[in-house]
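Chains as they are written, first to last, in numbering that gives the first Met the number 0: chain A, 0 to 844; chain B, 0 to 844.
Hints are computed from structural coordinates only; laboratory data are not their basis.
Be a bit skeptical, because a hint or two may be false.
The list treats identical chains as one, so a pair stands whether inside a single copy or across any two.
As the list claims (entries may be wrong) - 25 Å max Cα-Cα, derived BS3-like pairs, lysine-lysine:
1. K188 with K843
2. K691 with K282
3. K616 with K457
4. K551 with K757
5. K691 with K757
6. K757 with K683
7. K839 with K49
8. K551 with K683
9. K60 with K691
10. K143 with K104
11. K38 with K15
12. K13 with K305
13. K15 with K127
14. K144 with K691
Number of protein chains: 2
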Amino acid sequence: MTGSQDHLITADAKIKHETHGWRAKCLQDLIKFDFPIPKAFALSFSTVEKLTEGTSPQIEKVIDSFSEDALLVVRPSSQNPAWGGPSTILGIGMNDTKCRMFARKFGRQMAEALYLRFIQVFASAVDKLDIDFIEFIGHTDAIKKAMKTYATHSGRSFPQNPFDQLAGVLQSMALSWDTVSARILREAKGAPFDAQLGLVVQEMVLDKGTTECGSGFFRLINPETGLHQLTSQFVYGTSDNDFLKANGKTLSIAGDMQTSSMKDTVPQAYARLQVLAALAREKLCEEIQLEFKLCEGAVYILDGEKVSFTPQGAVRAAVRLAQDGIISSDDAVMRVEPALLNKLLHRQVASDSQRDIICYGIGASPGAATGRIVFTSAQAQASAARDEPCILVRRETTPDDVRGMHAADAVLTERGGLTSHAAVIGRGLGLPCIVGASSLDFRIPEEQLIAEDGRVFKVGDVITIDGSTGQVLVGEPDLVEASLDDSFQTLMEWADEARDIGVRANADTSEDARTARNFRAQGIGLCRTEHMFFETPRLTVMREMIFAETAKRRTEVIERLLPMQRNDFVQLFRIMEGCPVCIRLFDPPLHEFLPGSLSGQQELAHALDIPVQEVIKRVTEMAEYNPMLGLRGVRLGVTVPEIYEMQARAIFEATLEVSKDSTPVIPEIMIPLVSARREVELVKERVNAVSKAVQLEQGRIFDFRLGVMVETPRAALRAEEIADLVDFLSFGTNDLTQMTYGLSRDDAGRFMSDYVRKGVFAEDPFCMLDKDGVGELLRLGVERGRNARPDIILSICGEHGGNTESIAFCRDAGFDYVSCSPFRVPLACLSAAQLTISQKRREKH
Amino acid sequence: MTGSQDHLITADAKIKHETHGWRAKCLQDLIKFDFPIPKAFALSFSTVEKLTEGTSPQIEKVIDSFSEDALLVVRPSSQNPAWGGPSTILGIGMNDTKCRMFARKFGRQMAEALYLRFIQVFASAVDKLDIDFIEFIGHTDAIKKAMKTYATHSGRSFPQNPFDQLAGVLQSMALSWDTVSARILREAKGAPFDAQLGLVVQEMVLDKGTTECGSGFFRLINPETGLHQLTSQFVYGTSDNDFLKANGKTLSIAGDMQTSSMKDTVPQAYARLQVLAALAREKLCEEIQLEFKLCEGAVYILDGEKVSFTPQGAVRAAVRLAQDGIISSDDAVMRVEPALLNKLLHRQVASDSQRDIICYGIGASPGAATGRIVFTSAQAQASAARDEPCILVRRETTPDDVRGMHAADAVLTERGGLTSHAAVIGRGLGLPCIVGASSLDFRIPEEQLIAEDGRVFKVGDVITIDGSTGQVLVGEPDLVEASLDDSFQTLMEWADEARDIGVRANADTSEDARTARNFRAQGIGLCRTEHMFFETPRLTVMREMIFAETAKRRTEVIERLLPMQRNDFVQLFRIMEGCPVCIRLFDPPLHEFLPGSLSGQQELAHALDIPVQEVIKRVTEMAEYNPMLGLRGVRLGVTVPEIYEMQARAIFEATLEVSKDSTPVIPEIMIPLVSARREVELVKERVNAVSKAVQLEQGRIFDFRLGVMVETPRAALRAEEIADLVDFLSFGTNDLTQMTYGLSRDDAGRFMSDYVRKGVFAEDPFCMLDKDGVGELLRLGVERGRNARPDIILSICGEHGGNTESIAFCRDAGFDYVSCSPFRVPLACLSAAQLTISQKRREKH
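The following block holds chain A by itself, in its conformation from the complex (with noise of 0.2 Å):
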């Protein structure tokens, strides 16, 4: 079969995508419109494929296929372009014989360089010698010294036969294409394990380069920020493009000229590319950058490439196509890749701004920023008092450094991996983060931070936090906006259309709510309480309920607790404009509001007037061997049901007070960490049973919603017996990752990347869903919970609610919504869409 696939690139050869590559499609795309474009020749992956494999096929085809006099190019044409492959291969052909021929036709000089440029490619692509033959250039029996020395490194006289040059080059292009390298690189932008490469085999133009000539690209948009703007580059007077991409320094002898100069001094040629441009846009559906030649006077397009976009660039431009009329709203969306937007909502640091990095650590929440140094959450605080940008470096962040956070510009820490601690809030909080940067030296007690290279750094000395890569600067690099525009607007305005699974948004505080408004986020699907216990005066009440003696005394410590309570609710449901809230109850063990230093525990004995003795015996009595599995969520609400019964109320009051003056709220109460139905049935009663007395005290009559918090794999087990009793369900799939498999995040972070690396799991599964083990989980959660109540509400709130797997994954298992943190809200719509018009486009065909 191999090689009838392999054709000359006619209008109406059979040239696919998926057999031939976009590039090759790409040329033939602009032959059919009559682009002048020199002869091309497609070698089909299955060919390419066989190269590898050391047999030749369909080379003499292809030297058959052009005149004898020629130069061949040999351009790679993967299905993606962003998947890159082997660098172009120019020359091929020239030899003894041409040379002299050109030298007669162009001069000796330029023929010499052409042949000398040849060598220089053929003998690093093919032999893999790594010698400068370039430098011969000029020189007396240039061609003569080249040749012998070739021969010294290679152990064979340089190959004259245009059969064997051609056999060589597409060789070596067929084999770099297969190297581990090659595959990590294309693996990262999404390629899978076996795409396969195609070849283009072209004609060179050739001339003088005397009148009218010259090379260089043509396109019709900026790609940095996807404007309308002609942003081309032009070499004039040379023959030669190969300069433009393969050798910086003879670019920059050569000197850029604006358009503007081209359109003065080649006019004609100008206007001519302009309409070529603009056909190539309007038929291939694409912003396409041309590669052209012009040959004494005549234009030749010898390429087409896709524009490579900014973040920015790239949704301004699919809404543009779309504005235009080339593409339809569901194309636009579709032509965005949802994890650019992550750079798009954040602060970046300028591309070719200056790098001092001390350290490469994980970055776990997008975006940069500067600021000085604090070690702890005083002093972030105080920073924040003094509007003075500040980082705050920790070894660890706990919820007592909350308060720290929400000062902080960015968020430095020595352990913890992406779901740590420091890594939720702070992509919670859309402030920029770095964990495990375990190469920096934490000297907290000492305030100082100590590079490798030992420099130390204080309180207070500058430094930058890149979260989207890791990297620690010193210093204070150039940073750039964060830019929401109209394109941006209307993007997510035609993803919500498209889109047929709801998101929302996990939000804690105000400042969340207003971010998750802000994102269109259609509500909150998990409000996490406890962060609103962790600020004074409420630690201190909170402390002051661990230590109560009775339980009525409890109760009334507890009181104190609900005007406060209400109001954040209260602001809450102001915020969100009666969308639905999904409230969390009281989750954490009670021992993480207690002190852990001794400074602390003092400070707390002296609060409460008693021995510090008494204050250090309860800290230990309360301390837990994993507390992940121990004392907390709905077993706290049993145990000790006077928090819950406070929540019920602040929520059910707040519902009130807010419904009086706006869209009637419907708030949704959710219980964590449930094992066994009777935990809801307890939960429920007394849920009720304030609903009724709130509702008696107030003569007014409210809605509200019960839940489960779906985190155990018993609880996904039992949907059945559970959701019987509630009206939604919502998977957080965070800590049933943790329980499937047996795997603290907070520890995972020591070996998950050794994990990933030798395959032991396929993704770090607290980042990718694991569809197979924690996915079953919710598969039988879905199935059995619509089994005892098919119009109970299903959703995930758990870290991958923002992933387009995961989504993917709750659409095909018929979830009502995902939730995921403010920032990653625009990421999860753009997703859900995508996914929306892929499955419709299937099903049409």
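Once you have looked at the hints, place chain B on chain A.
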């Protein structure tokens, strides 16, 4: 329908255990074999239930069944006599008329005594009066005075009509069956929630009590020992058997007589009773205690009861019944309650010993031991060296304390529950253990234990731990030795013949292994190798390994462990004599091997000759938030492969060494904490490589089996792809339960009792396998494992392995064997046999 089941008890009346209770059925059986039984009437369960509703069906019919002059006695008849019931009530029918009649017949004093005692019982049971009518006996106008007192307190005159009397008595007995305390008592003995009561009404045998009169009970067997030995009681010369049970004072006045005396005094009656007792044993296929009445030379059998045995007695009696051909060996196996064996295998506090109890904790490992208090492992070892029994007292135990536990005679801890470290190790060692003794004040640093009453106990003070009841006793009460006599061995042989599921033991040490063999375990199902590393000098080597700077150095250090580890396995294999030994590879997190105290850290710094700060830094770095879910098990095997390689080599070299001089050993190697197939692949590759290397080095071949410990939910869900790689799957239900519930067993103690009391969990899932949640994962694991490999060996090796319900579950699910701590092996064998026999019998019907 009510009433149609109520009959006079005759040989052909329709009377069944399930409708009339054990006593009614027993009386009918005796009547069938012509025992001299006074006329009796059986009221069915449903009739008694009606009585509680206030209706009095059937009472006329009962009254009419007896002669007008008769006095009646009512006895409870529940389905199982062990479930208890209301006290027997005698003398019904007594009134003024009959009193006069009996005065004529037996003399006034006896008649009045009879009457007064009836009034006493009636007033107490029916009218709930707390008045002493007995004191009137012998007074002038005794009856008159009693009648007046009764009327004053009850508000009515004493009922004279036998109908009213009987109706009152029956209803009061029916009601007392329904009280909460009665229900709790019988449920503790295994009665179902809806257990019902029948009643037997019988005519009393009355005489003057002058010639050859008396009453008593007669049994052929000693209930303490189970040996055949007449142990009967006989009160001679009184007409009234009421006093035997109801009134201890009177009994002691009458005095006990040895049966030999009875033989001398009333030889015919004695001989008649011997015949009847032997007949009852043979016909009822039980050891029966006959209640009899001797009335002017004639013997009446009033009642038959099952003899209530001690555990030892129960075993011996059942075996003897089978050996005498009265029941089958299967019957004998079915007769012994497996839980009884728990007591049989350990020393106990003698039942009549004085108990000075200072605390009620959780009895976590059965048996009793007396010893001097020690507060550290070092003290325990010193004590053991002096051959002085000691009790190790700790707030909680850690792997560091295992040495101390080996040296101690019992363990007492402040914290923890039934599956805490102390409890699990205690049961494994057969060491009496009380955990959660939180009412004592544990002052470990001061080396004091303070009781709630203020008594202070110091090092060297003698206490006794009753691990069966959870009582901590002061001083040295009498202890009863464990006794594993021939009967026990015979019973276990019969159980082994009957059962169809294997039983192995969890055994980590030679001592464990010997216990396992003594108890007829069929192999070791779980050998945890980590305990082997907590003893010096190995602990030191482990620590050196943790501080090794390079992989090479680490390998060198680990290699020093090889000979020691090999010797461990040589010993185990020798003891187990060719029985399978399943060795779990190293499981715990490495930080468990580092010292927690500053002094320990300083010591280690000295030993390694590094600054103590470095030690502290390492300890801090390696600390984990949730060690349960951290870097342990196969995760260590993958990231620090040298440990598993050393262990595999030790196992294989030991295999060859032991196989040289006895049955070839086929070791089983088990990989812990697996959650992904690739983990198994990686370990399998390395283990296979070590196996090949050892075979090559020694020029001899051996076989081994590789398996996976399924203890994460994911491993159960993915059992199909995992099973494909291995020979066996062993389900670790401890960890699987922890992860399925998201519940750490070490932390659950704090609220588990609350949870079980509130019915949130029907049972502590660490004690009783959760069939719904964890059970579903087991079923999925089994099904999927078998799909991939039909011949795969399946087992469970968690603490549940020894539990009847779990064994039933495992049999149904098709497991090959269960594994449990050595001291539970007999219990497991017996349970398994009973399940098999029950099923065979069900299938027959």
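Here's how the hints hold up against the structure:
1. Taking identical chains as interchangeable, the C-alpha atoms of K188 and K843 are never at most 25 Å apart, the minima being 28 Å within one chain and 68 Å between chains.
2. Taking CA atoms no more than 25 Å apart as the test, K691 paired with K282 passes in neither setting, with 66 Å inside one copy and 65 Å between copies.
3. For a Cα distance limit of 25 Å, the shortest separation of K616 from K457 across copies, 21 Å, qualifies, whereas the shortest one inside one copy, 36 Å, does not.
4. Taking identical chains as interchangeable, the C-alpha atoms of K551 and K757 lie at most 25 Å apart only when they sit on different chains, with a minimum of 20 Å there against 56 Å within one chain.
5. Taking identical chains as interchangeable, the C-alpha atoms of K691 and K757 lie at most 25 Å apart only when they sit on different chains, with a minimum of 24 Å there against 57 Å within one chain.
6. Within a single copy, K757 and K683 get their C-alpha atoms only as close as 47 Å, which misses the 25 Å cut-off; across copies the closest is 15 Å, which meets it.
7. In this assembly of identical chains, the alpha carbons of K839 and K49 never lie at most 25 Å apart, being 37 Å within a copy and 67 Å across copies at closest.
8. With identical chains, the CA atoms of K551 and K683 are at most 25 Å apart within one copy only, with a shortest distance of 22 Å there and 59 Å across copies.
9. Proximity of K60 and K691 under a CA criterion of 25 Å is satisfied in neither setting, with 86 Å inside one chain copy and 54 Å between copies.
10. Only within a single protomer do K143 and K104 lie at most 25 Å apart by alpha-carbon distance; the minimum there is 20 Å, versus 151 Å between protomers.
11. In this assembly of identical chains, K38 and K15 lie within 25 Å of each other by CA distance solely inside one copy; the values are 18 Å within and 103 Å between copies.
12. Taking the shortest alpha-carbon separations for K13 and K305, only the intra-copy value of 22 Å comes in at or below 25 Å, while the best inter-copy value is 95 Å.
13. For the identical chains of this complex, K15 and K127 are neighbours neither inside a copy (32 Å) nor across copies (98 Å), given an alpha-carbon limit of 25 Å.
14. Taking CA atoms no more than 25 Å apart as the test, K144 paired with K691 passes in neither setting, with 98 Å inside one copy and 58 Å between copies.
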